[in-house]
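Novice: Okay, here's what each chain looks like letter by letter:
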Amino acid sequence: MPDQGWPADQELLRRHVAGDAEAFGELFRRHRDRLWAVALRTLCDPEEAADALQDAMVSAFRRAGDFRGESAVTTWLHRIVVNASLDRLRRRAARPALSAGDEQAFEALVAQDGDPARTSDTRLDVNAALRLLPPQQRAALVVVDMLGFSVADAAVILDTSPGTVKSRCARARARLLPHLAHLQGNRSDSQSVSPAQGGDT
Amino acid sequence: MTHLDTDVLAEFRAGLITGRRGARITAHLAGCDRCTALDDQLAGVSVLLASVPAPAMPDSVARRLDTVLAAEVTRRDNAERARGDGTAESPAPRRPGGNRGFRLLTLRVLAPAAAVVVLAAGGYGLSRLVGPEGQVTASSSAGSAARAAAGSAASPGHPYAPAAGPAKGAVSRPQRITPRPMVVVTGNANLSRAGLAQQVEAALRAPALGTRQAPSRLRGCVLRLADGHPLQRVESVRFEGRSATLVVARTGADDTAWIAAQDCSAANPHVLAVTSLTSGISGP
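Protein chains in written order, with numbering that gives the first Met the number 0: chain S, 0 to 200; chain U, 0 to 283.
Only chain U is shown next, with the shape it has when bound in the complex (with noise of 0.2 Å):
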């Protein structure tokens, strides 16, 4: 037998090449040192790929997944709430294509036409400024322009009924629109179980302190509690003297006020205490 080819030694390591003529290449092996050399050397080449230690991913690739991911996060929460306010008065608009949501919140934020998307991105947190007269009781990152929009779109007789949306029913019909970035409103109350309706609804009149972004786990949490029903305020709290978060959903002709503990995530939706608010805090 003349000496194996390298093609045909390498395919016979792969175990490709069986029965007779295997075994003929096992015999010629136990023989010869020169193929036997060759087979070695094709095995070091994969000991040799083996030995090569994985490249770690450099920092600005992984800066870059980690801000995709979380716009796919956002995109995916818009979706969500989307669909779950299929119920609501007046749904909001569709957005043309599914892929740009990072990029479009950013343009958002930053478009110069403030009053109305403002208003969009920042939802029930917005309409919580408003006291009973309009008054903007709160500072915001919304703007003046945003406040007067705030201001126009409160109705008097509902004073938290969520800022209107498009300016066409801005003015004579409060209308629901989607919250884009869950703004939580931070506030001083101090519940208890107790009376924790009547609590609620009080806590909802008072001032607020200001506003932030929810974080990650605490959206997860808030979605999966109102499951896809309009979302009406989400609150910093404290209850029973621990911190926790008040969200309030429309479920039906009545709200719901959840008390979420602060290990409340999307998988753990672990929740103090819950409570209809009859008298309906949203309005009409």
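Just chain S, same shape as in the assembly (with noise of 0.2 Å):
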């Protein structure tokens, strides 16, 4: 992006503990899309989702003045994200997991979107399947498989070690495969991955 001429996000965070009064906005409209499908995504409502995304982004405007730059800005934004989300889970445990009021916040969800063209059954399928997974793993697989984190990204964003983001993914692909095997048939691109490849996208 700063080739583009534009200032990185590292820069922007700068600004924005410099005082900077809309660095922090033009940071977080860079990423929100991302953030939302995350925060969506991990807590399958879109209600909660927007509570969590509303929280880590509070979080992230007063707390910037800590990031150190260990990890890009956008993992960091991530991982704060991920933890609100987590944190809201956390809070309804005691919620079945696929309760009457789960299926009207997921019609919801699926009517939400936009754009009528992007609402395929593949992933309508994909978003209730996700459901079937226990609040972690589903976490782990969606910053994964489907935002394209590396696994020590992955680490960074969960707070836990590579090998866990590792078996957490595959025990999610191997939970999910009897409920999207049947999807697979209409992509062309189905071909075999490496473990490599598996094991580190």
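Watch out, some of these pointers could steer you wrong.
Claimed, not checked - Stretches of chain U that chain S covers, calculated by requiring three or more beta carbons in the stretch to come under 8 Å of a beta carbon on chain S: (1) 45-52; (2) 263-274.
To be verified - Quick partial rundown of chain U residues pointing at chain S, CB under 10 Å, derived from the structure: (3) Thr-5; (4) Asp-6; (5) Ala-9; (6) Arg-12; (7) Arg-19; (8) Leu-41; (9) Met-56; (10) Ser-59; (11) Val-60; (12) Arg-75; (13) Leu-195; (14) Leu-222.
Note that these hints are calculated values from the structure, not bench results.
All residues carry an ideal CB built from backbone N, CA and C; glycine is no exception.
Mind assembling these two chains? They're in different frames, but the hints should get you there.
Specialist: Structure representation (structure tokens):
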């Protein structure tokens, strides 16, 4: 992005800490769709996702001075959003995994997509299948497989070890397979992926 | 070797099974169509998940986050200003709880007891509206109660003294208050470099044309220039024929006036000229 004349994420964060009133907004808007995606897919509830994202945004705004540059700014932002999302899941842990309310929330989730052409059956089934996973496995799979973070970055985002990220992803993929196998016949690019790719992508 | 379990195969694919056990799985896959098909299907899960487009954030959520962010910016500005006023004669009372800036701001604007509350919100902006005799020279959103309070708060001897804060000290002794939303006074001064200090002092005595809220970029610029010193005035002017902003802050015994360029911001404190107002505009 800097090569296009835009300030880098870290520069925007530095400006925000220095008092620039607009820098954080620009930074957050730059990443907000992906941050929204991770919150929505982790929580499977648009209302909860909006609340979690708001909590995370305020937290990041106030704690920006704590950022030490040990990871990319986007990794740091995702970590805060995942933490806020998992906190919300922990608070509602007593609720059943697939209550009628959740089903309604899921319908709302699908209906909220502004582009009907993108609301494919594949997405519907993927979103429904994700709900079957335990939250920690779901978060790991969303971050690694759906958002494309490396296992190392995912470990930072999820505040755990790379081995645990791999383990959660592996168990999640195995669990999802019976629910998603029927969709793979519709794809032309579902060729085999090497073990290294499968573990480290 | 029996066929591979899905969990085992998934762990193998993730690189969690290596060594002799991993070698056995590799060898088995080379000769077992069934397990190879299962392996392909597991690979397909990741491919399928990666192919699902990210949902765009709904407009309603985006608007909500923008509102919350604006409130956070205001909260931070207020906190910084409160810290900056630590050296002022009469620092503003600390607000209990640091997490309700936006709601409190809204409540302040809407509060019926506007006289004091709105003065706190208008601060130096309102003081600019009061002439030497305490007459209101321009209207503002503060309302008649606030104008009356401003009239009583202004000291005739110090026409540009900031309006008094809480009612306790309003009549007998003008006190400096902490301005909340940053108010920009609209003026028609056309300043030039030569004799700038005298021109600024004259401009500050001229009637104001109105007020407006400072946009966030200008707010960042002003706070950067004032650097924690109590603000006395922010006024839109022309300088050497171009649009600019006059910023005045009490910097020790004197006031300092900056002429900020239009592109001035917190990150880019672009100043066209600066001068010291030795007579002091804000009174003792």
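Novice: Now tell me if each hint is right for this structure.
Specialist: Hints versus structure:
1. As drawn, the stretch 45-52 of chain U meets chain S at 8 residues by the rule of a beta-carbon pair under 8 Å; at three or more, the given contact holds.
2. Counting residues of the stretch 263-274 of chain U whose C-beta lies closer than 8 Å to any C-beta of chain S gives 3; at least three are required, and the coverage claim holds.
3. Residue-level restraint check for U/Thr-5 holds (minimum Cβ-Cβ distance to chain S is 4 Å; threshold 10 Å).
4. With its C-beta approaching chain S no nearer than about 5 Å, U/Asp-6 sits inside the 10 Å limit, and its interface hint holds.
5. A hinted interface residue such as U/Ala-9 counts as satisfied when its beta carbon comes closer than 10 Å to some beta carbon of chain S; here the least separation is about 4 Å, so the hint holds.
6. Below 10 Å, beta-carbon pairs count as interface contacts, and U/Arg-12 has one with chain S at about 4 Å; its hint therefore holds.
7. For the restraint placing U/Arg-19 at the interface with chain S, the shortest Cβ-Cβ distance is roughly 16 Å, beyond the 10 Å limit, so the hint is violated.
8. Nearest Cβ of chain S to the Cβ of U/Leu-41: about 6 Å, under the 10 Å cut. The hint holds.
9. The beta carbon of U/Met-56 is positioned within 10 Å of a beta carbon in chain S (closest approach about 4 Å), and the interface hint is therefore held.
10. Taking 10 Å as the C-beta cut-off, the interface hint given for U/Ser-59 holds, the closest approach to chain S being about 8 Å.
11. Interface restraint check for U/Val-60: the shortest CB-CB distance to chain S comes to about 5 Å, inside 10 Å, so the restraint holds.
12. The restraint placing U/Arg-75 at the interface with chain S holds, with a minimum CB-CB distance near 8 Å, inside the 10 Å limit.
13. Given the 10 Å rule on beta carbons, the hint for U/Leu-195 is violated: about 26 Å separates it from the nearest Cβ of chain S.
14. Interface restraint check: U/Leu-222 against chain S, minimum CB-CB distance 6 Å, threshold 10 Å, status holds.
Against the hints set out earlier in the document, violations occur for numbers 7 and 13.
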